[in-house]
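A.B. asks: Turn these sequences into a full structure, and let the hints steer you where they fit.
Residue numbers (our numbering), protein chains in the order written: chain E, 128 to 841; chain P, 128 to 841.
A few of these clues could be false.
Where chains are identical, the list cannot tell them apart; a pair therefore holds if satisfied intra-copy or between any two copies.
[To be verified] Capping the alpha-carbon separation at 25 Å, the derived lysine-lysine pairs in DSS-like fashion look like this:
id, residue 1, residue 2
1, K768, K161
2, K841, K775
3, K161, K775
4, K241, K501
5, K729, K695
6, K841, K729
7, K741, K354
8, K229, K453
9, K211, K532
10, K169, K230
11, K526, K229
12, K519, K695
13, K568, K196
14, K546, K519
15, K241, K211
16, K618, K600
17, K230, K501
18, K519, K229
19, K384, K600
Everything labelled a hint here was simulated from the structure, so no lab data went into it.
The residues making up each chain are set out below.
There are 2 protein chains.
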Amino acid sequence: MRQINLLFAILFLGLNIEAQNKTFTLEDLIPGGKNYPNLAVKTDYRVQWFGDKLVFSDEDAIYAAEPEKPDNKRLLITKQELGKMLGNDNVNLNSIAFGRGKKLASIGLPRENKFILFNPETREIAFEQPLNREWEHRDFCYANNCAAFTVKNNLFIVDANGKAAPVAEDANEGIVYGQSVHRNEFGINKGTFWSPSGNFLAFYRMDETMVGDYPLVNISAREAELKNIKYPMAGMASHEVTLGIYSIATGRTVYMKTGEPRDHYLTNIVWDPTEKYVYIAELNREQNHLRYNKYDAATGELAATLFEERNEHYVEPQKPALFLTKTGSQFVWQSRRDGYDHLYLYNTDGKLLRQLTSGNFETLSVLGFDAEEKNLFIVTNEGNPVENQVYKVELKTGKRTLLTKGNGVHSPALSASGKYFIDRFSNLETPLNIDLYSTSKPVPVRLQTAENPYKDYVMPEITLGKLKAADGKTDLYYHLAKPTNFDPKKKYPAVVYVYGGPHSQMIKNNWLASLRGWSLYMAQMGYVVFSMDNRGTSNRGMEFESVTHRHLGIEETADQMCGAEFLKSLPYVDAERIGVHGWSFGGFMTTNLMLRHPETFKVGVAGGPVIDWKLYEVMYGERYMDTPEENPDGYRDTDMKRLAGNLKGHFLLIHGDIDPTVVWQNSLSFLDACIVARTYPDYFVYPGQEHNMTGPSRVHLHEKITRYFEDYLK
Amino acid sequence: MRQINLLFAILFLGLNIEAQNKTFTLEDLIPGGKNYPNLAVKTDYRVQWFGDKLVFSDEDAIYAAEPEKPDNKRLLITKQELGKMLGNDNVNLNSIAFGRGKKLASIGLPRENKFILFNPETREIAFEQPLNREWEHRDFCYANNCAAFTVKNNLFIVDANGKAAPVAEDANEGIVYGQSVHRNEFGINKGTFWSPSGNFLAFYRMDETMVGDYPLVNISAREAELKNIKYPMAGMASHEVTLGIYSIATGRTVYMKTGEPRDHYLTNIVWDPTEKYVYIAELNREQNHLRYNKYDAATGELAATLFEERNEHYVEPQKPALFLTKTGSQFVWQSRRDGYDHLYLYNTDGKLLRQLTSGNFETLSVLGFDAEEKNLFIVTNEGNPVENQVYKVELKTGKRTLLTKGNGVHSPALSASGKYFIDRFSNLETPLNIDLYSTSKPVPVRLQTAENPYKDYVMPEITLGKLKAADGKTDLYYHLAKPTNFDPKKKYPAVVYVYGGPHSQMIKNNWLASLRGWSLYMAQMGYVVFSMDNRGTSNRGMEFESVTHRHLGIEETADQMCGAEFLKSLPYVDAERIGVHGWSFGGFMTTNLMLRHPETFKVGVAGGPVIDWKLYEVMYGERYMDTPEENPDGYRDTDMKRLAGNLKGHFLLIHGDIDPTVVWQNSLSFLDACIVARTYPDYFVYPGQEHNMTGPSRVHLHEKITRYFEDYLK
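C.D. replies: Right under this line is the structure:
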């Protein structure tokens with residue numbers, strides 16, 4: 128065994144004293160369960176920013192406090208008073224939006240068909256606008272009090288007087304306006320972008336007419352009903368996206384001249400503060416060449432290509448530029464061009480002024496500037512990839528100052544002026560502390576301390592640790608839970624919960640080390656439970672992630688086998704009884720482990736698994752695998768159907784029958800391959816469920832999975 | 128236990144002597160297996176009629192013999208000679224059609240695009256006609272040498288000169304010409320009916336435009352493909368059928384004026400010998416009122432309603448009238464109007480001349496008349512419902528003369544003149560004897576004796592027996608196989624294989640008592656295997672069958688529980704280890720038994736099960752259940768989804784994903800019900816398979832089923 132096992136945190140929650148004798152059920156632990164989320168971490172108040180004011184809310188009332196005197200809470204408004212003011216006794220205080228940059232609170236009242244802006248201090252309603260159940264993707268602009276929305280695939284605006292009018296319509300259902308495009312990859316999560324002063328609305332137009340219909344079937348109807356989706360698969364004709372800009376003043380739309388080939392990616396749309404230009408991070412379909420383009424919003428002409436980024440594997444822009452509004456001519460760009468996710472200060476002529484951060488760590492998020500725009504506040508994982516800290520970065524020099532205290536995971540929220548931030552902090556031993564920081568003073572003030580929700584429960588021992596990857600050098604992080612009431616003389620079965628795909632980090636030094644509810648349950652059921660982030664996962668830099676490029680599952684499986692060898696080396700693990708479970712990419716990984724290492728993994732449960740990357744969609748699929756034409760060997764070597772004959776253990780596959788993400792065809796075609804190979808997997812279907820089971824089905828699912836391990840691994 | 132266990136036949140095949148030590152595998156026993164059908168019963172020659180001549184064929188040659196001297200075989204033609212004559216060296220001798228009424232042999236040669244009539248005596252080709260791969264439902268008329276055929280949903284005729292022309296076409300795919308209608312119920316298996324002299328072609332026209340599309344999905348395509356079928360469900364709008372008559376002379380079509388309501392059933396189409404009339408057994412949609420109607424083929428006018436039949440449960444005409452060609456004014460009608468399936472002699476004015484057969488037994492088939500049309504030859508199950516015999520019936524008097532010898536199952540084929548018949552005979556101890564009978568002499572001549580294909584194998588003891596139904600009075604028949612190498616001191620698990628639906632009889636006194644290959648295999652695997660025909664199954668009369676009307680599964684389950692109690696009473700059966708397996712209606716029965724009697728059935732495997740009769744099609748569904756509107760209680764009480772919460776044992780459901788018979792929705796919706804009820808069935812899918820698994824998948828299926836019992840019942 129070449130792995131070095133460095134434990135750096137151990138949690139003993141279960142101290143076998145009288146009071147700690149409760150056991151939990153899946154109904155407690157799984158979303159959709161009858162008692163969920165009774166065991167979630169709770170605080171007395173929800174704390175958030177309203178401009179530069181602290182707002183505390185519970186079920187009954189809202190309180191405010193100045194950050195200088197956070198203990199000095201004053202009642203802002205009770206639920207009853209708010210109900211009277213809004214004409215609705217059932218207002219959920221959690222549905223009120225305050226927010227860092229806002230001067231008015233807002234709430235939508237669907238029953239009353241109203242969206243309302245109000246001042247909770249003066250208790251006055253400042254603005255009302257109609258709502259409508261059919262209006263989807265609503266996007267309200269605080270600058271002009273208009274809201275963009277879609278009905279079916281068409282785009283409309285309802286103005287400040289409540290009058291709705293079309294912006295872009297097409298009778299052809301294959302033309303989609305104002306919605307998210309490119310399957311929400313590249314940080315895209317919406318399809319409308321108001322200009323800063325509200326004079327223009329930029330919006331996506333997606334032409335899907337060249338993409339075939341993919342059939343999903345709803346069996347809950349008396350007679351099964353067809354529901355087609357558009358699901359372009361890797362290498363196939365993909366949709367074509369353009370960006371329109373609608374002028375409120377003229378009612379006319381200009382399309383940006385983004386040119387050919389039309390199946391490129393238009394990502395990270397952002398306006399400059401002058402409203403004269405719109406910036407698009409344009410990526411070629413091969414996803415290895417980014418052009419940062421600036422378009423004249425009035426004419427659609429390309430004004431300039433500010434810079435380009437290339438990478439032998441892929442370029443994946445995730446964050447729009449962040450403009451300095453004081454100057455209007457500078458912006459911060461986030462990129463992994465030097466191998467890690469870092470920040471770069473540019474001017475709008477495309478001149479790189481300076482790299483703001485650098486080093487072998489990743490910028491996890493950018494909180495914003497201070498009022499003077501001299502400093503930027505960011506979160507990075509410098510020093511420890513499973514933890515993070517908040518830093519102040521001086522724009523002029525790049526000088527970085529650590530602001531937070533405590534080893535663990537911080538979730539900060541900056542105030543409007545940038546003078547303060549609220550920090551939600553946890554680590555393996557700390558359920559949740561909410562602290563108030565001044566960005567200029569080093570001493571946090573405790574606002575809330577959450578209780579341990581498990582204090583009356585028999586808990587497993589949970590360990591965080593690291594070991595070496597299959598390359599012999601890279602650190603990989605894991606968490607491990609021993610069975611509750613652990614007896615070191617016994618041999619226990621072990622279950623690996625795996626994900627292992629891009630855009631994921633399962634192992635963190637936060638509360639219970641991110642151990643999932645089901646893993647906790649399995650520890651209670653008498654299993655050693657283990658998870659590890661292999662190479663290919665997030666927040667470890669470009670090389671760590673892209674080593675899997677063009678052959679997904681190969682390096683990841685090799686790394687997971689290091690975890691399995693570590694498990695086998697533990698004196699209390701029965702090496703003959705190791706199982707694995709995962710979902711989606713984790714279902715793919717489970718399938719890899721069952722078929723490539725049947726000598727190690729005796730029982731597996733794969734949910735919603737990718738089986739053949741040819742059956743996966745263009746954007747994600749081609750980023751990591753290129754096209755089947757460009758990479759036939761890679762597609763062949765990672766096609767689980769080709770390994771169907773290797774199956775030896777007990778292997779249960781599970782799928783939702785209307786899964787629009789990993790289409791059902793994946794696991795069904797694997798069954799077919801097993802039938803031909805005369806191997807014998809097991810199977811289950813959740814009818815009417817998409818990629819992840821929700822509601823009570825999710826509890827059923829985890830009971831089903833548990834029973835499978837109980838039947839065959841115990 | 129109230130059942131009386133009357134064994135009346137026992138077979139000891141496994142006499143533990145040295146030679147009998149071979150074991151079989153599923154590859155031997157299951158269609159699609161690598162060695163299938165090595166263990167099928169074989170004879171040296173295939174024997175059939177060619178007019179009144181006996182024709183013997185093996186792989187290499189065809190021989191002929193006169194029935195007076197059957198041993199005196201003379202070579203008719205070798206495969207080689209035939210190949211030369213037909214210009215095809217690979218002619219399969221089994222694809223030549225001889226037949227009782229024919230003077231020329233016929234063969235289709237798709238590779239050569241030819242259909243050929245030839246004289247094997249003179250070795251001359253008498254007639255050639257083009258064939259075409261796209262021509263479906265081909266129906267050749269020996270009277271005029273024309274063939275009707277369909278392309279897509281349109282009907283054509285290719286004439287004696289090889290010229291093809293349309294008969295009926297429609298651009299609307301919802302209009303179907305010349306194909307079977309009413310889902311092959313009511314004895315319907317084709318859609319074209321040549322008149323006796325070949326002057327007219329009667330054909331079905333089916334309008335399905337009012338029936339919604341039902342989506343099936345083919346997942347074997349790179350991107351899953353939609354394939355819609357028409358599947359009207361019980362109570363829903365159903366297709367509308369009419370009958371057209373096309374005149375070869377005029378090229379014009381006249382539709383029979385079959386009137387309203389148009390969703391009635393037009394069944395058992397037959398021409399009278401004069402070609403002046405066509406007869407239709409018309410059944411109302413409720414299926415409880417039959418009108419036997421005679422239409423003027425030239426005008427389409429209703430000439431007469433010859434008789435009517437009504438029944439409180441249902442009327443189910445299955446056989447077209449059989450006309451006496453000498454008189455042309457008489458026909459034999461087969462009906463269960465007196466409670467059993469019997470024959471009635473009518474004249475074409477609708478006058479009942481006499482009932483030809485009667486008694487508490489069923490007419491199983493009618494072989495035909497003798498040349499003078501004085502006698503009719505039939506097969507009945509008189510005296511023993513699991514056996515049958517051939518009788519001569521004198522038309523004038525109804526006098527019935529037993530012709531066959533031997534207790535068991537006879538499969539006769541009458542010669543052209545009716546002077547002889549070939550009888551294929553088997554019973555529990557007799558694999559197959561082929562005898563030649565003269566219809567006037569009582570002594571059969573043995574033509575072939577098949578060997579016992581299992582003579583070298585260790586075989587289980589197979590028993591036929593009967594016990595009382597849940598009504599305490601009706602006899603039910605079963606077969607039972609003990610485990611091979613049976614030890615009476617041991618307790619064995621038992622598996623019930625069940626079907627139990629209409630149109631079925633599983634238990635017969637034929638070779639191995641109809642024990643299926645899988646049942647034989649399970650006996651070898653150490654299980655007691657048991658099957659029984661409950662009330663509701665075939666060949667026992669109308670009351671026996673229709674006691675299940677409007678509440679399918681209830682009486683059947685009660686009867687099967689009598690079988691289960693019998694099993695429990697056996698000293699060598701472990702009453703705690705009883706399982707059940709069935710497919711289709713048998714899958715429905717398995718589900719019933721698992722959910723209504725979880726205390727008895729611990730493990731079940733249901734394939735392609737009906738779960739809710741509302742999801743079944745109109746013709747079969749409404750016959751046995753009426754419509755959901757007419758019979759809400761019956762549909763409710765037989766809906767397995769309502770019993771999902773009862774599930775206790777291990778229950779595996781299996782379905783083909785493009786099942787057009789019992790649509791997939793059945794088992795998927797049952798999963799959904801179990802998820803809601805928090806019960807835990809298991810599941811498997813055979814992708815690309817319809818209602819029954821075929822090919823190697825069928826072997827995989829039976830291995831899968833076996834493993835499930837091995838995992839949980841052993």
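A.B. asks: Each hint: holds or not?
C.D. replies: Hints, verified against the model:
1. K768 to K161: Classified as between; 22 Å across copies, 38 Å inside a copy.
2. K841 to K775: Intra 17 Å, inter 20 Å, cutoff 25 Å: intra and inter.
3. K161 to K775: Between copies, since 22 Å is at most 25 Å while 37 Å is not.
4. K241 to K501: For K241 and K501, the Cα distance exceeds 25 Å both inside one copy (40 Å) and across copies (90 Å).
5. K729 to K695: within (13 Å within a copy, 36 Å between copies)
6. K841 to K729: both (11 Å within a copy, 21 Å between copies)
7. K741 to K354: Both: 22 Å inside a copy, 22 Å across copies.
8. K229 to K453: within (18 Å within a copy, 101 Å between copies)
9. K211 to K532: Answer is neither: 43 Å inside a copy and 96 Å across each miss the 25 Å cutoff.
10. K169 to K230: Neither: 28 Å inside a copy, 92 Å across copies.
11. K526 to K229: Answer is neither: 30 Å inside a copy and 102 Å across each miss the 25 Å cutoff.
12. K519 to K695: For K519 and K695, neither the intra-copy (44 Å) nor the inter-copy (79 Å) Cα distance is at most 25 Å.
13. K568 to K196: Within one copy only: 14 Å inside a chain, 118 Å across chains, cut-off 25 Å.
14. K546 to K519: within (11 Å within a copy, 108 Å between copies)
15. K241 to K211: Answer is within; shortest intra-copy Cα gap is 15 Å, inter-copy 88 Å.
16. K618 to K600: neither (30 Å within a copy, 60 Å between copies)
17. K230 to K501: Classified as within; 23 Å inside a copy, 105 Å across copies.
18. K519 to K229: within (23 Å within a copy, 99 Å between copies)
19. K384 to K600: neither (48 Å within a copy, 87 Å between copies)
In summary, the structure is inconsistent with hints 4, 9, 10, 11, 12, 16 and 19 from the numbered list given earlier, while agreeing with the others.
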